[in-house]
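*Asks:* We have chain A already, so just place chains B, C, D, E and F on it with the hints.
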Amino acid sequence: MQEEFDIFLLTKTPFSPRSELCLKLISRSGNARLYLAEDGVYHLLSGVQELIHGCTVYACKEDLEARAVNVREKVIIPDNFYSVLIEDIMEHCKRAYTF
Amino acid sequence: MQEEFDIFLLTKTPFSPRSELCLKLISRSGNARLYLAEDGVYHLLSGVQELIHGCTVYACKEDLEARAVNVREKVIIPDNFYSVLIEDIMEHCKRAYTF
Amino acid sequence: MKSVFYLLDTAPYGSEKAFGALNAAAVSLAGMNVVLGLYGDGVYLVVAGQDSTKLGVPNLSDILYSYGELRVIVHEPSLIERGLFGEILVETIELVDEDDFLEAMENSDSVILF
Amino acid sequence: MKSVFYLLDTAPYGSEKAFGALNAAAVSLAGMNVVLGLYGDGVYLVVAGQDSTKLGVPNLSDILYSYGELRVIVHEPSLIERGLFGEILVETIELVDEDDFLEAMENSDSVILF
Amino acid sequence: MKTLTIVLTDGPYISEYAEIACKLAEEALKQYQVNIFLYLDAVHIPKKGQNPSFFTNAGELFTGLAEKGAVIRACARCAAARGYTAEEDTLKGSNCEDYLPGIKISSLYELSEMLKKSDKVISLSR
Amino acid sequence: MKTLTIVLTDGPYISEYAEIACKLAEEALKQYQVNIFLYLDAVHIPKKGQNPSFFTNAGELFTGLAEKGAVIRACARCAAARGYTAEEDTLKGSNCEDYLPGIKISSLYELSEMLKKSDKVISLSR
Chain A
231 MQEEFDIFLL TKTPFSPRSE LCLKLISRSG NARLYLAEDG VYHLLSGVQE LIHGCTVYAC
291 KEDLEARAVN VREKVIIPDN FYSVLIEDIM EHCKRAYTF
Chain B
231 MQEEFDIFLL TKTPFSPRSE LCLKLISRSG NARLYLAEDG VYHLLSGVQE LIHGCTVYAC
291 KEDLEARAVN VREKVIIPDN FYSVLIEDIM EHCKRAYTF
Chain C
370 MKSVFYLLDT APYGSEKAFG ALNAAAVSLA GMNVVLGLYG DGVYLVVAGQ DSTKLGVPNL
430 SDILYSYGEL RVIVHEPSLI ERGLFGEILV ETIELVDEDD FLEAMENSDS VILF
Chain D
370 MKSVFYLLDT APYGSEKAFG ALNAAAVSLA GMNVVLGLYG DGVYLVVAGQ DSTKLGVPNL
430 SDILYSYGEL RVIVHEPSLI ERGLFGEILV ETIELVDEDD FLEAMENSDS VILF
Chain E
20 MKTLTIVLTD GPYISEYAEI ACKLAEEALK QYQVNIFLYL DAVHIPKKGQ NPSFFTNAGE
80 LFTGLAEKGA VIRACARCAA ARGYTAEEDT LKGSNCEDYL PGIKISSLYE LSEMLKKSDK
140 VISLSR
Chain F
20 MKTLTIVLTD GPYISEYAEI ACKLAEEALK QYQVNIFLYL DAVHIPKKGQ NPSFFTNAGE
80 LFTGLAEKGA VIRACARCAA ARGYTAEEDT LKGSNCEDYL PGIKISSLYE LSEMLKKSDK
140 VISLSR
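These protein sequence lines are chains A, B, C, D, E and F, in that order.
So the first sequence is residues 231 to 329, counted in this note's numbering.
So the second sequence is residues 231 to 329, counted in this note's numbering.
So the third sequence is residues 370 to 483, counted in this note's numbering.
So the fourth sequence is residues 370 to 483, counted in this note's numbering.
So the fifth sequence is residues 20 to 145, counted in this note's numbering.
So the sixth sequence is residues 20 to 145, counted in this note's numbering.
Just chain A, same shape as in the assembly (with noise of 0.2 Å):
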């Protein structure tokens, strides 16, 4: 059997209370993957890839380079996110999150 993720697709900004809730579900997944987009992507200034150990981060292109994110580690930066994120949804996941 294939594995199967979590995965969670984050578009809110660090100081939402919907991402603490987000990060909360995902300290307690042991196998989680994290999807960035739009005003999500701000989670890379803040340094969630340092909270969330072990948990695949993603985050949308057109995202960062509208908001003037460079990330410069430990994210994923697919040619298409949107292709990637829904593949993984329908594929490969245990349970999807949206935030």
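Note that these hints are calculated values from the structure, not bench results.
Do not rely on the hints blindly, as some may be mistaken.
Covered by chain D, according to a simulated footprint, are these stretches of chain F (three or more residues, beta-carbon under 8 Å) [stated by the list, open to error]:
#1 20-27
#2 72-82
SDA-like mimics (lysine to any residue), calculated; alpha carbons at most 25 Å apart, straight line [stated by the list, open to error]:
#3 C:371 x C:468
#4 A:254 x C:423
#5 E:136 x B:318
#6 B:304 x C:418
#7 C:423 x B:300
#8 F:49 x A:308
For each residue, glycine too, the CB sits at the ideal point set by N, CA and C.
*Replies:* Then chains B, C, D, E and F, alone, in the frame of chain A:
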């Protein structure tokens, strides 16, 4: 000359960042009146009266009743909240703020 | 999909969201396991004695009562932070700690936000 | 009314609010003293190098530059909290501490929220 | 006569601000000139045909305010984006056929003019 | 075929969620059935005649999704409140004359039916 007040209309819950900003401005004003309407009346459950000594607090009756906020003390509940507020803003007000 | 968790983190009356969440949860009761989770400002929904007559909008605590079969869980830390612990609460709800709240989210097939 | 303070506490791009605040501030420049105050998530507006071409929406930092006569003040504590202190910022803005930010609000005849 | 300007940015029902603005304007109109500027989602407020079963009809409230003398203007860019078009002709005090009587679409510069002529401003926004 | 349901609660322009929903749906439609339920302010999305000068036309994006097979339904109560009336007849796949082709007003029970038949659900809300 008539006395002039800083009038604050607050319609946000205590956990809104705008409430925090509103309370900061009130604490700097020597002569503030706080009008709580809509979700702003929830501040009475968090003890806002203790935070802003010397500031007169008004609350909107219909909003208190809808939200089941029972006020015990130190709050003026006018028969016609919006009439009192408008007169205060238009006639006795140095600066009017809404949050 | 056999279960759905409606997350409400917005205060009632100031926005249509609480009314919308209650209606959506109610229609989902037929055929699915439904949980309405109140978090953050959403917990204000459970203060007892709401009377919205003069505001001219639906009484949301009456709606809560009228769907007695709806499971409503309330994030207790949010309630305490907001000074609601001493208040009388609507009886049909369940206070849960953070672990139980997150677990209820994890146990649902989907989460819908309001 | 001779002066107006536009308060923006919402992040750019995720919502039309930043674009709306910039346009409203721009049209007010003729005949009034205008300050655009960035607070909370609004401070994200001043990170330099924004390129929204692929998103298909207006470039908000370009708009900031094109109204060079608009006074834009940025609440420094909000900026620091968000990890933006080391970032390169748009040049036409003014970093201010909390006292100066609140004073600018107090010195305006009106405050409009976005 | 003193002037009050109210600035709105939210649509009806999703927030209570349309109703609060109306309560404020009703009181203010007894003694003062009232302007209301509808910006961003607030341009939905004057739409014809609203039929909210459980809430007060926001459109009717605003057309009522216009009858009592409030000057109500909607931002042209925000209105066009949301499918409300300004016509050349004005009928029943409106230049948009989707709008209730007395409420016009106008340029954003109108906001600036309203502010300049106002004694006080109230801004309501989520 | 697996089914994805997207639930929206915000109107166009004021938030980016209409566009994100569209990007997700475009990708999903290549392989899956896609349902979109428009709730609360999201019932404004399919309005005819939107003309946003600076943003992508949200209505056109959604009518395009409907053409590609997405089932898009708007909540009847939310739509009526905001002035969108369901007619008895269906024309070009829509039962509302203010709506773009392919998008219908339906009961809230449709949301529940969509959820039951779905493999995954994405909810986007401010």
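*Asks:* All hints, please: hold or fail.
*Replies:* So, going through the hints one by one against the coordinates:
no.	hint	result
1	20-27	violated (count 0)
2	72-82	holds (count 3)
3	C:371 x C:468	22 Å, holds
4	A:254 x C:423	40 Å, violated
5	E:136 x B:318	19 Å, holds
6	B:304 x C:418	22 Å, holds
7	C:423 x B:300	16 Å, holds
8	F:49 x A:308	18 Å, holds
In summary, the numbered hints that this structure violates are 1 and 4.
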